[in-house]
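Trainee: Whole structure, please, built from the sequences with the hints as guidance.
So the chains spell out like this:
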Amino acid sequence: MKLLTGNDLKTGFVTWWTGADWSLHIEDAADVGEHGEAILAVEEAARRVNAPYIIAGEQTADGPRPAHIKDRIRALGPTVRPDLTLKPADPAAGDWVI
Amino acid sequence: MYKYDEYDHAMVAARVAEFSDQVKRRLAGEITEDQFKPLRLMNGLYLQLHAYMLRVAVPYGTLDSRQMRMLAHIARKYDRDYGHFTTRQNIQYNWIKLEDAPAILEDLASVEMHAIQTSGNCIRNISSDQWAGAAADEITDPRPWAELLRQWSSFHPEFSYLPRKFKIAVIAANEDRAAMRLHDIGIQIVEKDGEHGAAFYVGGGMGRTPMIAPLIKDFVPLGDMLSYAEACLRVYNRYGRRDNIYKARIKILIHELGADEYRRQVEEEFAHVKSLGIDPPKAEFDRIAEQFAPPALDASAPDAIDRSDPDFAVWVDQNVAAHKVPGHAIVNISLKPIGGIPGDASSAQIDLMADLAEKYSHDELRVTHAQNIVLPHVRKADLYAVWQALDGAGLATPNLDLISDIIACPGLDYCSLANARSIPVAQKIATRFSDLGRQKELGELKLKISGCINACGHHHAGHIGILGVDRKGTENYQLLLGGSGAEDVSLGTITGPGFDEDGVVDAIERVTDKYLAERSEGERFVDTFRRVGMAPFKEAIYG
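These protein sequence lines are chains W and S, in that order.
End of the first sequence = 98 in the working numbering, gap-free, step of one.
End of the second sequence = 1543 in the working numbering, gap-free, step of one.
The reader is advised that the hints may include incorrect statements.
As the list claims (entries may be wrong) - Calculated lysine-lysine pairs in the BS3-like style (CA-CA distance at most 27 Å, straight line):
#1 S:Lys-1097 <-> W:Lys-87
#2 S:Lys-1165 <-> S:Lys-1217
#3 W:Lys-10 <-> S:Lys-1037
#4 S:Lys-1077 <-> S:Lys-1359
#5 S:Lys-1247 <-> S:Lys-1217
#6 W:Lys-87 <-> S:Lys-1165
Unchecked claim - Rough simulated footprint, nothing fancy, chain W against chain S, three-plus residues with beta-carbon under 8 Å:
#7 1025-1037
#8 1095-1104
#9 1131-1137
#10 1205-1215
If you're looking for bench data, these hints aren't it; they were derived computationally from the structure.
Cβ atoms here follow ideal geometry from the backbone N, Cα and C, with glycine treated the same way.
Mentor: Structural data, given as structure tokens:
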């Protein structure tokens, strides 16, 4: 599957294209198939995302996951500061990142 | 410490206003990211892995307590309550919002700080010896010269679009605590026939193609220093490659031309530049130098230290260095707690260090390229009180220059350029060698980790260096031995095939075991390596 990701213009936070909008949570990400470039162009022009790009991903039982370690770390947060990740209360939240 | 004059204030205020307007236009969609990116980078604002990152300049690593408190305030108000001190004596914040950037720059300007020229192909923050003005072995305080270079290089119209970034370090002691010869220009203030002058080493650097800067001129009269630096830059700006980012640094130009030809061209340029009157009149330099006048230290202060508390004594032995004035000492605050993140400090810790500087160190702090903090002027009689306060805040790890005093770049946990994580490797190594007795048995051992070939973690200059690479989507770590960023400068050599995260920790343990088995009396790790060579270590690592 292919995922579309970028950063929020105002906050810089990592965001994922859900099919209709942008979410901070990788679980909400949608497979953009071959439409990534077209969505990217529209969304970037509308300033709903900054520096977007398309990545390879895979569907798992827990939802979509980026294929490359760099984007897996982007999806959750720094591996060395679990308190700063999107799910600080869940010690197992980052098990799939590395 | 240098205080801004009306020109400094006006320049920084104008830049804050300009960038605030640029941010406003970007948020309003009047400019694209492609147009905005070079503008934000000129103000130290990167877009990193998780958010915007702001790099704040700390000129030659010197701060007062008011400035340090502002760094804590920014961490608390605009970031996530911590900052990361870097290998260029700066500080970075990892979770900055674009909409907050103008307010942050205004706050910084209110304490005579900024983020200008902490990115981009310009002359970056001038770095220096963190013990400047206090070191027993310096011939003069190098910071007035660093400040002169800062003023000369700030918004220098000719050098704002160099082929590539440009880093300058200035020292004034034979012991090199600033990795001077691994800079684009390394300047050492030296003495000849009773006069001080500047030795120019040009064309050093780490990164993809590490090189040690050759000596280009052994003695430039200090009154000619700016003109000579201008000539060095002009030759580079004219002939440095702009067609290939990997060959654009000055080290490549000098390597291609040869040091002799580069020197000839610089001398030719210097003859012309000198006629332009770039160097300041002596009165102007004296005005700057006056602001670095040494604090009034009482040389009759007690020299004895009460070492009855054994934990305190251990810290004194490891983290406290000799001051040039009797009865005083240089306190090195380790930001490397065992298992912690090298260079990170919370806002509370930053505030505490500011308080200690104000109370015990004549209001001065320094950031070191090894990602630690220094209180440069502490009375020996106050050391115990300083240690108690530091200990209570987790800042009294007695490991300066030991194996757990690791330089590590942010790596793949934060950096969009990185290929592998650096911090977890540093944490595992520090934890493996957490026993202080074992660390002291190993002695001075500088371990440096970079998460990519750009070498922000100075891995080439580590007695033991680690380079993280991406091997088919998996983190892999190459091991290097024998580097040094000090006066015995050398570049590390790769041992052989790389390791995974746990494997590289095991490999380091085999290397240190081999060192203990091979070393002669008084030898540091790097001395033994230089004497016996790579072979026995390779055998120990790979069998």
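Trainee: Run every hint past the structure and note whether it holds.
Mentor: Here is how each hint holds up against the structure:
no. : hint                      : result
1   : S:Lys-1097 <-> W:Lys-87   : holds, 20 Å
2   : S:Lys-1165 <-> S:Lys-1217 : holds, 22 Å
3   : W:Lys-10 <-> S:Lys-1037   : holds, 14 Å
4   : S:Lys-1077 <-> S:Lys-1359 : holds, 25 Å
5   : S:Lys-1247 <-> S:Lys-1217 : holds, 24 Å
6   : W:Lys-87 <-> S:Lys-1165   : violated, 38 Å
7   : 1025-1037                 : holds (count 4)
8   : 1095-1104                 : holds (count 5)
9   : 1131-1137                 : violated (count 0)
10  : 1205-1215                 : violated (count 0)
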